[in-house]
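**Student:** Residue numbers (full-length UniProt numbering), protein chains in the order written: chain B, 1 to 197; chain D, 1 to 197.
Each hint should be verified, as a subset may be incorrect.
Note that identical chains are pooled: a pair holds if it fits in a single copy or bridges any two copies.
[As the list claims (entries may be wrong)] Subject to a maximum C-alpha distance of 25 Å in a straight line, what follows is the list of computed DMTMM-like cross-link-like pairs (lysine to aspartate or glutamate):
| hint | residue 1 | residue 2 |
| --- | --- | --- |
| 1 | K22 | D35 |
| 2 | K161 | D78 |
| 3 | K21 | E94 |
| 4 | K22 | E180 |
| 5 | K21 | D35 |
| 6 | K22 | D124 |
| 7 | K22 | D114 |
To be clear, the hints were calculated from the coordinates, so they are not data collected in a lab.
Protein chains: 2
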Amino acid sequence: MFSEKVEHLIQALSLMPSVGKKTAQRLAIHLLQHDRAAATQIANAINAAVGSVGSCQRCRNLSEHPICHICRDSRRNDSLICVVEGPMDVIAIEQSTNFSGRYFVLMGHLSPLDGIGPNELGLDILEATLQSGQTQELILATNVNAEGDATAYYLAELARKYGVSTSRIAFGVPMGGELEYTDSYTLGHAFERRTQF
Amino acid sequence: MFSEKVEHLIQALSLMPSVGKKTAQRLAIHLLQHDRAAATQIANAINAAVGSVGSCQRCRNLSEHPICHICRDSRRNDSLICVVEGPMDVIAIEQSTNFSGRYFVLMGHLSPLDGIGPNELGLDILEATLQSGQTQELILATNVNAEGDATAYYLAELARKYGVSTSRIAFGVPMGGELEYTDSYTLGHAFERRTQF
């Protein structure tokens with residue numbers, strides 16, 4: 001419908017998650033018609049990031065440095081490690097809590113059917129840290145679903161081997177949640193795990 | 001929060017329309033974590049398009065060729081010209097109608113306060129076409145709002161100078177539109193312009 005290069009741009013933009021064909025068309029036309037400087041800036045930022053961003057050798061989070069800025073921060077508490085599935089989880093915890101320990105970013109969860117085992121999640125790095133004896137508590141902040149639970153269970157076993165205590169983020173009815181509209185899985189577990197009032 | 005290059009990428013992606021900070025974060029992390037090939041493809045497509053896509057000399061639509069593929073198509077009817085505000089409008093009309101004439105893409109609308117006058121919309125090119133005597137009808141398909149109406153009015157005056165008849169796309173309650181939920185401006189005009197049943 002458009003000329004070839006414009007169509008290529010639309011196709012490329014629709015490779016982004018939750019960007020459909022119509023949105024990609026709007027983005028492409030906007031960039032070409034109104035904001036070519038932004039377009040070039042986006043292309044340059046992508047190339048710069050793809051070319052240099054790798055994994056932090058200590059926590060596996062995305063970083064263009066061998067050790068990321070959180071791992072370099074000497075004010076953080078080395079005895080606490082919070083394990084999360086991805087970089088967005090680090091942001092969520094940094095923004096919502098006053099956690100001041102270290103992170104370990106799995107970049108996924110255990111999924112044997114997809115060939116993702118302990119090695120793919122860098123658990124050898126985590127194991128070496130646990131082995132060093134510096135860690136007092138491993139906070140398991142993987143997602144609260146079947147995969148996240150299975151991964152947390154595996155990590156808890158690993159920590160037990162080195163005498164490191166583990167904790168799991170609380171699971172229950174979210175703040176502001178009305179019982180009537182809470183899914184039965186959540187409500188069932190929240191009821192089971194009720195605490196003294 | 002993220003490392004510098006990742007932050008740059010997030011900032012760059014949020015330059016796109018309707019992409020906020022949170023969406024830009026998700027896009028950046030997805031591209032870096034799961035799909036670097038797509039990221040590179042997007043950067044290359046942007047650079048290729050920005051580097052070569054200009055305006056069709058005849059209809060002003062986006063194209064990397066001096067004359068776009070619609071203007072090159074000899075099967076289209078030279079005596080009909082449909083004037084639209086932007087490239088997305090061409091797509092909308094191509095997909096919804098069987099219009100087989102030519103287009104003229106204003107790439108905007110008259111907006112004296114923003115310094116957009118007839119010259120900025122390439123009306124000299126349109127005027128030359130009208131002057132050539134080939135055009136029988138100028139279809140005014142600018143948006144149905146104050147700016148689009150003002151632009152259509154100006155274009156109608158221009159066409160009259162060369163004895164070219166003009167038409168304006170119909171305005172009224174949209175298909176499936178319920179009167180109760182139709183805005184009063186639309187309903188007022190639809191009532192005024194009622195036609196014999």
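**Student:** Please go over all the hints and tell whether each is borne out by the structure.
**Tutor:** Now the hints, each set against the structure:
no., hint, verdict
1, K22 / D35, "both (19 Å within a copy, 21 Å between copies)"
2, K161 / D78, "within (19 Å within a copy, 80 Å between copies)"
3, K21 / E94, "between (34 Å within a copy, 16 Å between copies)"
4, K22 / E180, "neither (36 Å within a copy, 29 Å between copies)"
5, K21 / D35, "both (20 Å within a copy, 18 Å between copies)"
6, K22 / D124, "neither (44 Å within a copy, 32 Å between copies)"
7, K22 / D114, "neither (32 Å within a copy, 28 Å between copies)"
In summary, the numbered hints that this structure violates are 4, 6 and 7.
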